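**Student:** Sequence:
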Amino acid sequence: MPLLEPKPGALRPRGTAAPAPDRVPEHLAGGTPPALRAELSELLGAEKVLWKVSDLVRYATDASPYRFVPQVVVVAEDIDDVSAVLSYAHGKQREVVFRAAGTSLNGQAQGEDILVDVRRHWAGVEVLEEGRRARIRPGTTVFRANAALARHGRILGPDPASAVACTLGGVVANNSSGMTAGTTRNSYRTLSSLTLVLPTGTVVDTADPLADEELARAEPGLCRGLMDLKREIEADPALVARIRAKYEIKNTTGYRLDAYLDGTTPVEILRGLMVGSEGTLGFIAEVVFDTLPLDRELTSALLFFPSLPAAAAAVPLFNDAGALAVELMDGNTLRASVSVAGVPADWARLPKDTAALLVEFRAPDAAGRAEYERRAAAVLPALRLVAPVASVTNAFTGDPAVIAGYWKARKAFVTAVGGARPPGTTLITEDFAVPPSRLAEACEALLALQAEHGFDAAVAGHAAHGNLHFLLAFDAAEPADVDRYASFMDAFCHLTVERFDGSLKAEHSTGRNMAPFLELEWGPKAVDLMWRTKRLLDPDSVLAPRVLLDRDPLAHLRGLKTIPRVEEVADPCIECGFCEPTCPSGDLTTTPRQRIVLRREMTRQRPGSPVLAELLDAYGYDAVDTCAGDSTCMLACPVGIDTGALMRDFRHRRHGPREERAAELAALRFRAVEAGARLAVAASGKITHALGDRVLEAVTGAARKAVRPDLVPEWLPRLPGAAARRLPATRRVGAAAVYYPACVNRIFGGPPGEPGPSLPEAVVAVSERAGKPVWIPRDVAGTCCATIWHSKGYEAGNRLMANRIVEAAWGWTAGGRLPLVVDASSCSLGLAREVVPFLTADNLALHAELRIVDSVVWAAEELLPRLEVRRTVGSAVLHPTCSTRHLGDEAQLRAVAGACAAEVVVPDDAGCCAFAGDRGMLHPELTASATAREAAEVREREFDAYLSANRMCEVGMDRATGRPYHSVLVELERATRP
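All residue numbers for the sequence shown refer to my numbering, where the first residue is -9 and numbers rise by one.
Any given hint could be a false lead.
For lysine-lysine, the following BS3-like pairs were computed, each having C-alpha atoms within a straight-line distance of at most 30 Å [claimed, not checked]: (1) Lys342 / Lys398; (2) Lys236 / Lys515; (3) Lys42 / Lys82; (4) Lys220 / Lys515; (5) Lys220 / Lys236; (6) Lys220 / Lys524; (7) Lys82 / Lys38; (8) Lys524 / Lys236; (9) Lys524 / Lys82; (10) Lys515 / Lys38.
Bear in mind the hints are in silico, worked out from the structure with no lab data behind them. Quantities reported herein were computed from a predicted structural model and do not represent experimental measurements.
With the hints as extra help, turn the sequences into a complete structure.
**Tutor:** Structure representation (structure tokens):
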């Protein structure tokens, strides 16, 4: 055992309550049943089979109120894997559910047997016909696909609020639409073709001219059955009329029966049926979309009304004026949105009955926008608007930042309201549609029904299309509360169908919570056709049984998940999954959502449970050690949950007194530590030059085994050499700023083999050149921004160094009169924000007077206007760091890079490199996984310069791509050198 191996018990939940009724049963402590695991491992390869109980738990949750624990998780790499799993399931009478992003709100991404991950290896976008079409793999997020299309002035039709996280496979499988798609821009209307794998393993490319011929040979019974059902439907005029009427408004309840009317061949019918089929009829392996123009000329307004019905009554006026989006938000939604960064704080004081409409017009050019502005202005005088708080303007604007803020508040509906729910309660998201002309009436009826059942739900929705969402919170562990929810649901479904002839699911798809009410909406004849469709395509019911069709009238109450209390920072999490695409460890171990899900399961278990013991044993590496700690999850989370901070706290809990004391001594004697580190880097360079990398790899490998892998870095090839012992000479007199070279730039030099200058030399030179000279204090050695200790959870060392650097900076800057320029973005973030909780009261006051400026901001705002650019490179690829994003400095980074290169490219897949100081040396596999997609994109072509704004991120990207990354400040010095 390593010398400083942490004990898993240190992470045991504190103050656990009684065991939860939905806890994972103890017979699953060993994970997947051995026979099932062995058979699938032999079939697919052991690396594709996730079998530990921690794997099963982290895949048991999606964004819905349900939780079902799979028996095994398969990470499929290609269609052959999918076909093999389906064949195995048929032979063994097993069930299969496909899961991509897990953002579904009705339990569609959960299964109780074999769960197949089709996200990890299924991303990719191919832009076709100059953007008019796009071929997209099912694990690609809508956001990523639109980023590729935007360069061609195109966009996808579906635009769900979860676009940053949801994937196209799920969007098509659920016919998700969103704010602007309505009934004309959704997947059903804009999908050109798809490639699907039928439950039998037959692969169908609906774009293939020979597809019908080949399908007839492979599946003659299926082809006959589809055409028989088509003829039967078309022979019933009343049924045809009913089907057409149901799709005049948004509707995703049940199978898409109009596919039988719109398709003329079996393959065309299949194409339509697969949209909204929720993974119950086949696997969507690839889609080709017809794209739409990206109209960039916008005018938008957030208009406030005294009540929800008053806002709803205004919707037809904007529809008639040509608005593309009219979004409704009630008072509960608006007040909860205060938790979202950028939302005005005074919304918290909005009266209870207040409601708002977010109205947006989009045009291809300025003339079109002017016409829409004229139409919007004509509507406003007829409205009954209110301005109950100071931030309300009730005016249209074209300001992109203001418009983005409006949409950020609207898209955070589920997560912001969910985050504000009472702790320990389960969140239900409902989604229905009525004829738009009856929206105001539906709002009044919904409010009355909620009050009758004791709910005070939040309401929002796509008002232009008569589509409303509302959120209910209840305690799934309390039978009486479950009964209250059940009573409300029964009344709500009858109200929607019988009074409004509405859709019980407008865009979230049927799912588990609406399957029992399918016949209420559609009637027995149509539902019988849906069952026959299912039996025709999947006669053995292998795919996702009970997800869309279920004869159990209480199916929507089965599998409701409890939400036990955990650490306060994580309690607001509704397990939506918005954090997952940004997480650097997502393809290696766990995501922020999964870290919280696992924590909640620990709390559900009884003390001494073998499941708890297994979860704790896996959590150290899977959750704590492989968290980069970059906290980009906080930026992605609409309510700002910082799972990185939670993992740093867990690291602290695992430290013993001896380890904490050693870290504190390192801080106390950091001058010697810094000098020793620089000498070690210099010596290692000489060793590798003489003997190669294997000697140091062996030495560090042995040390990691003896001490602990999470404490001793692994030697990595391509590490930079040592920095110069002396920093550039500067003068205090006449300095415009104090320059603080970060300790990483005092230890490591630039890329191996690259010509100078060093980063400190470059910063000094360009500042002098711009007439804004900087001064480097002579006593910077031995100081640090404290991130070294902060990131690892060493509280005593962190506190010591945080106070030391603030006191030093106060003196260097003459009490804050000069700005402190910091040359590593992570250190800028550390000094500006992360040291604050660890400062004494006196030093907190000193810190408040400091002006901490990242060197990139210094260059963009103070130097560039005063510099002459004399030479530029043709192209540069730019890696924005996580800290740059946290600081909001991306625009300045792009500006500096843009001054140095004629073309600046930020990869579409750019994200956290996970090098995170030394974490990339402690766990190289983390950086390799985190950078895989970005590195592949960078290697697709050659660039003249590879730029970033943090030395260790540059090292990580250098290692990932094999390209020499360096600071954008070094490039600026070269570009402006006389």
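**Student:** Within a Cα-Cα threshold of 30 Å, do Lys524 and Lys236 meet the stated pairing?
**Tutor:** holds (20 Å)
**Student:** Would the pair Lys220 and Lys236 pass a check requiring their Cα atoms to be no farther apart than 30 Å?
**Tutor:** Distance ~17 Å between Lys220 and Lys236 Cα, so the pair holds.
**Student:** Holds or violated: Lys42 with Lys82, Cα cutoff 30 Å?
**Tutor:** holds (22 Å)
**Student:** Taking 30 Å as the top limit, are the C-alpha atoms of Lys220 and Lys524 close enough?
**Tutor:** holds (14 Å)
**Student:** Taken at face value, is the distance from the CA of Lys38 to the CA of Lys82 at most 30 Å?
**Tutor:** Judged against 30 Å, a Cα distance of about 19 Å means the pair holds.
**Student:** Sort out whether Lys515 lies within 30 Å of Lys236, counting only the CA atoms.
**Tutor:** Holds, at roughly 14 Å.
**Student:** Given the hinted pair Lys515 and Lys38, is their Cα-Cα distance within 30 Å?
**Tutor:** violated (43 Å)
**Student:** For a C-alpha distance cap of 30 Å, please report whether Lys524 and Lys82 respect it.
**Tutor:** holds (20 Å)
**Student:** What's the verdict on Lys220 and Lys515, does the C-alpha distance respect the 30 Å limit or exceed it?
**Tutor:** holds (14 Å)
**Student:** Does the alpha-carbon distance linking Lys342 and Lys398 stay inside the 30 Å limit?
**Tutor:** holds (21 Å)
Hint 10 from the earlier list is the only one contradicted by this structure; the remaining hints agree with it.
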